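Here's the letter readout for the chains.
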Amino acid sequence: MNVTYAHINAYVRGVLPRELESKFESAIQDDPKIQEIIERKKDELVLINSLIPARKTTKRTATIIQNDLELINDEILTEEKTSFLDKVAKVLDTTVLEF
Amino acid sequence: MKKEELNSQLKILIPNLEKFAYAMVPEESVALDLISDAYSVFLVKNADSIIKDEIEDLNSKELSFYRKKLSHHIMKEIYQLALKKGSMLKSEVNKVREFKSFYELDLRSRAFLILSHTFGYKDQALKSFFDCEAHDLIEYKHNATCGLLKDYQDTREVNV
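Protein sequence lines correspond, in order, to chains A and B.
First residue of the first sequence: -15, per this note's numbering; consecutive thereafter.
First residue of the second sequence: 2, per this note's numbering; consecutive thereafter.
By construction, these hints were calculated from the structure, which means they are not laboratory data.
Owing to the predicted nature of the structure, the values given are computational and were not obtained by experimental measurement.
It cannot be assumed that every hint is accurate.
What the hints assert, rightly or not - Within a straight-line C-alpha distance of at most 25 Å, the following computed BS3-like cross-link-like pairs (lysine-lysine) qualify: (1) B:Lys123 to B:Lys62; (2) B:Lys96 to B:Lys85; (3) B:Lys142 to B:Lys70; (4) A:Lys26 to B:Lys20; (5) B:Lys91 to B:Lys12; (6) B:Lys4 to A:Lys43; (7) B:Lys53 to A:Lys43; (8) A:Lys40 to B:Lys70; (9) B:Lys91 to B:Lys53; (10) A:Lys25 to B:Lys142; (11) A:Lys40 to B:Lys91; (12) B:Lys69 to B:Lys123; (13) B:Lys151 to A:Lys26; (14) A:Lys40 to B:Lys53; (15) A:Lys26 to B:Lys123; (16) B:Lys142 to B:Lys85; (17) B:Lys128 to B:Lys77; (18) A:Lys40 to B:Lys3; (19) B:Lys96 to A:Lys40; (20) B:Lys101 to A:Lys25; (21) A:Lys40 to B:Lys123; (22) B:Lys3 to A:Lys25; (23) A:Lys7 to A:Lys25; (24) B:Lys123 to B:Lys142; (25) B:Lys91 to B:Lys4; (26) A:Lys7 to B:Lys62; (27) A:Lys26 to B:Lys101; (28) A:Lys40 to B:Lys77; (29) A:Lys43 to B:Lys20; (30) A:Lys40 to B:Lys69; (31) A:Lys43 to B:Lys12; (32) B:Lys12 to B:Lys96; (33) B:Lys91 to B:Lys77; (34) B:Lys3 to B:Lys85.
Just chain A, with the same shape it has in the complex (with noise of 0.2 Å):
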């Protein structure tokens, strides 16, 4: 197996392939200079995560964004409207018709 750096990235991150997984790591066995550079970018991928905010939704903010999305759910998305004033609409027709 020819090893390359979109390998060695997606090896890292856990996204190889599970089919080349075992591939990889039996090409690199004995490669000290790629194991080198396994271990650097996984230092730098713990360091890169440790920099992007994980902000964790509190129960209270959860409610708040809960509840002004059922909103603009009520606000917006006027389905069962629309569908009474058709069924109403076809009643009416129904009614006209058989006049």
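Using the hints provided, position chain B relative to the given structure of chain A.
For chain B alone, kept in the frame of chain A given last:
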């Protein structure tokens, strides 16, 4: 789709929406406004198709895919809105003390980092999010990563 079903799907997405909005602006009330405004825009654009979506019969895997799609589109609106409100959000960003190197980055780099590192977005999803080509992603990744690690690289060079 009934409103109750949409509400229950949205409830599951709230933590990720907040994480994303907070990455755009590190002030809770402004981030919450951003979510509401972006969701309104999303809904106005997509109300017809959302009403037609029949998620009642979906299995758990399909439902999870549906939620991912929903979350992708709402976050995209949050990002677009954040870009438009750019200068207004800057004053909040300037106040921040934690995660300074992250908030010093531009909005695109911040969005790129949180999508690819926190939410595990792959190239295809990133291309769709930023409406760009594969080669643009390389540039975005380079700018985001180098910008974030700028201070650390400088320190390492000084220490050597």
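In rising order, the numbers of the hints this structure does not comply with: 5, 7, 9, 14, 18, 22, 25, 26, 32, 34
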